[in-house]
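Asks: Protein sequences appear in the order of chains R and V. When we follow UniProt numbering, the leftmost residue of the first sequence carries the number 1, and every step to the right adds one. When we follow UniProt numbering, the leftmost residue of the second sequence carries the number 1, and every step to the right adds one.
Take the hints with a grain of salt, since some may be wrong.
[As the list claims (entries may be wrong)] Quick list of in silico lysine-lysine cross-link-like pairs, BS3-like style, CA-CA up to 25 Å: (1) Lys17(V) with Lys61(R); (2) Lys167(R) with Lys2(V); (3) Lys34(V) with Lys90(V); (4) Lys2(V) with Lys17(V).
[Claimed, not checked] If you anchor each label on the Cβ, the simulated ranges turn out as follows: (5) Glu250(R) with Asn94(V): 16 to 26 Å; (6) Pro104(V) with Ser396(R): 49 to 59 Å; (7) Pro268(R) with Asn94(V): 46 to 56 Å; (8) Pro104(V) with Lys65(R): 55 to 65 Å; (9) Lys90(V) with Val267(R): 37 to 47 Å; (10) Gly57(V) with Ser94(R): 27 to 37 Å; (11) Glu47(R) with Gln28(V): 23 to 33 Å; (12) Gly108(V) with Pro275(R): 46 to 56 Å; (13) Asp26(V) with Ile266(R): 32 to 42 Å; (14) Pro382(R) with His53(V): 39 to 49 Å; (15) Glu162(R) with Gln28(V): 30 to 40 Å.
[Stated by the list, open to error] If you want a taste of the chain R side facing chain V, the calculated C-beta under 8 Å gives, among others: (16) Glu32; (17) Ala110; (18) Asn135; (19) Ile371; (20) Arg373.
Simulated from the structure, these hints should not be mistaken for laboratory data. Small disclaimer: the values here were computed from a predicted structure and weren't measured. Glycine is no exception: its CB is placed at the ideal position from the N, C-alpha and C atoms.
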Amino acid sequence: MTDVLIVGAGPAGLSAAISCAERGLQVQVIDEFMRPGGRLLGQLYQETDGSWWNGIEEAAKLQDKAASLGVVLKLGISVIDLNQSEDGWIVYTSTGILKAPALLLATGAAETACPIPGWTLPGVMSIGAAQVMTNVHRVRVGMRGVIVGINVLSMAIAHELELAGIKIAAMMLPAKNMINKDVGDPRKVMQSIVRLGHLAPSPLLRLGSGLMRYSSLQSLGLHLYPKRGFKVWGIPVQLRKAAVEIEGIEKVESVRVANISPEGDIVPSTSRSLPVDFVCMAGGLYPLAELAAVAGCPFRYVPELGGHVPLHNARMETPLAGLFVAGNITGIESAKIAAAQGSIAGLSIAAFHQVSGTEEDLLESIQNLRITREKASIQFHPQVADGRRRLESMFSENFS
Amino acid sequence: MKYGRVTYHPVLGTLDKRESLRFLFDDQEFEAYKGETIAAALLANGVRTLRRHEETGTPRGIYCNIGHCFECRVTIDGITGQRACLTVLKDGMNIRSGEMLPTPLKKGAH
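Please work from the sequences and hints to get the whole structure.
Replies: So, in structure tokens, the structure goes:
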């Protein structure tokens with residue numbers, strides 16, 4: 001008999017599994033991918049103290065701990081449908097039907113598309129695809145490419161590709177169009193990356209992060225912005241250039257690049273072709289929450305959390321009995337936050353099963369998460385804490 | 001052109017020796033390593049195109065590489081619509097790329 005079924009074997013799902021199993025629950029975790037760890041697997045960056053955060057090792061630690069506690073982990077299984085019965089949740093998967101009184105959805109995030117003409121050509125892939133191919137599968141995505149879309153994630157992965165010996169000719173914005181709005185606007189992109197200034201090796205970016213908090217200086221900064229971009233980890237970051245079209249017949253051959261104004265408008269007669277054999281599209285992340293919608297969970301739109309998120313409280317409970325959420329399905333944040341949310345969800349699930357003595361640990365872990373979030377050096381959105389507070393008050397207004 | 005593998009990595013280390021296996025993609029034989037996905041092995045062998053768009057016939061390859069986008073769907077041992085990015089290769093697998101389909105009811109159909 002499974003007490004709790006967890007969908008998603010990333011940092012949130014595995015941490016929740018550990019937390020549940022430590023309190024004596026029978027736990028089953030399923031994931032579509034062939035390896036556990038979720039998007040931890042591709043992560044590779046240097047901490048401010050110089051040590052490497054290696055997501056593959058972090059995933060292995062979680063997997064080993066879960067296994068030692070008797071957690072059942074099944075990989076390569078896709079969830080097709082789910083519904084609630086009197087006895088709990090019924091989950092229809094690609095290999096059969098699973099049932100449990102408690103269900104945790106820890107499905108993570110997906111990438112927002114930032115399409116430009118030619119983006120369906122073989123050789124064009126999402127930035128996360130390149131990360132997984134390089135660091136997890138250890139296959140080269142190409143010899144020389146460009147990254148279209150400048151954000152926290154794409155800058156981190158650009159560095160990872162360079163580490164693996166894959167040349168990034170440049171990072172630039174996608175041309176503004178009916179879909180690409182903020183991601184194609186140099187002012188908006190500048191605002192989001194200057195928050196990373198304290199981590200940046202570039203003196204310009206560091207200087208920028210001091211100056212650019214004022215919007216008037218941001219505009220000035222963009223006018224003075226070097227035409228060739230500045231280099232981060234040796235990669236030209238070009239906020240004043242946009243990819244207009246990806247060119248090729250059977251596969252990527254080049255990218256047509258044009259200069260853009262500080263507002264993101266194309267400067268006429270400035271485009272030229274940059275020869276490359278792969279292109280990564282980086283439009284950012286949004287919570288992957290379809291299963292919560294299928295379950296009938298209410299949603300709220302919270303831009304600070306990355307879009308539409310299932311309504312939940314600080315205990316990671318949804319308004320539906322026995323349905324819990326944790327990790328990026330609840331909003332876009334780092335793997336460390338996702339793991340902390342998973343531990344909270346695990347304690348909440350133990351409380352749902354009336355395991356005694358969980359309440360105090362639960363309140364403490366909720367408090368610890370708030371501290372971790374305040375100390376986080378990288379935030380995907382500056383107002384993430386505000387978004388979380390707003391969502392929690394929406395939950396308590398409606399369901400308490 | 002073969003893109004090959006990231007055999008040496010300054011932080012992740014050198015790839016261990018793995019057992020090799022063989023598979024067919026559109027009747028052509030390829031070599032791969034045990035544990036590799038169809039998408040990874042084909043890319044390492046320089047194959048980017050996994051299917052043709054059913055209606056337009058334009059070429060498609062991997063896009064998200066983690067199972068969300070379904071751009072990489074192929075036919076594996078006769079079963080259609082399988083994701084090349086999530087399927088781990090087995091020795092002797094017979095894989096076919098997706099092909100353009102007839103559109104007899106479309107105006108100006110071919």
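Asks: Run every hint past the structure and note whether it holds.
Replies: Hint check results:
no.: 1; hint: Lys17(V) with Lys61(R); result: 23 Å, holds
no.: 2; hint: Lys167(R) with Lys2(V); result: 16 Å, holds
no.: 3; hint: Lys34(V) with Lys90(V); result: 8 Å, holds
no.: 4; hint: Lys2(V) with Lys17(V); result: 19 Å, holds
no.: 5; hint: Glu250(R) with Asn94(V): 16 to 26 Å; result: 24 Å, holds
no.: 6; hint: Pro104(V) with Ser396(R): 49 to 59 Å; result: 58 Å, holds
no.: 7; hint: Pro268(R) with Asn94(V): 46 to 56 Å; result: 52 Å, holds
no.: 8; hint: Pro104(V) with Lys65(R): 55 to 65 Å; result: 57 Å, holds
no.: 9; hint: Lys90(V) with Val267(R): 37 to 47 Å; result: 53 Å, violated
no.: 10; hint: Gly57(V) with Ser94(R): 27 to 37 Å; result: 29 Å, holds
no.: 11; hint: Glu47(R) with Gln28(V): 23 to 33 Å; result: 45 Å, violated
no.: 12; hint: Gly108(V) with Pro275(R): 46 to 56 Å; result: 36 Å, violated
no.: 13; hint: Asp26(V) with Ile266(R): 32 to 42 Å; result: 40 Å, holds
no.: 14; hint: Pro382(R) with His53(V): 39 to 49 Å; result: 40 Å, holds
no.: 15; hint: Glu162(R) with Gln28(V): 30 to 40 Å; result: 33 Å, holds
no.: 16; hint: Glu32; result: 5 Å, holds
no.: 17; hint: Ala110; result: 5 Å, holds
no.: 18; hint: Asn135; result: 7 Å, holds
no.: 19; hint: Ile371; result: 29 Å, violated
no.: 20; hint: Arg373; result: 26 Å, violated
Checked against the numbered hints listed earlier, the structure breaks hints 9, 11, 12, 19, 20; every other hint is satisfied.
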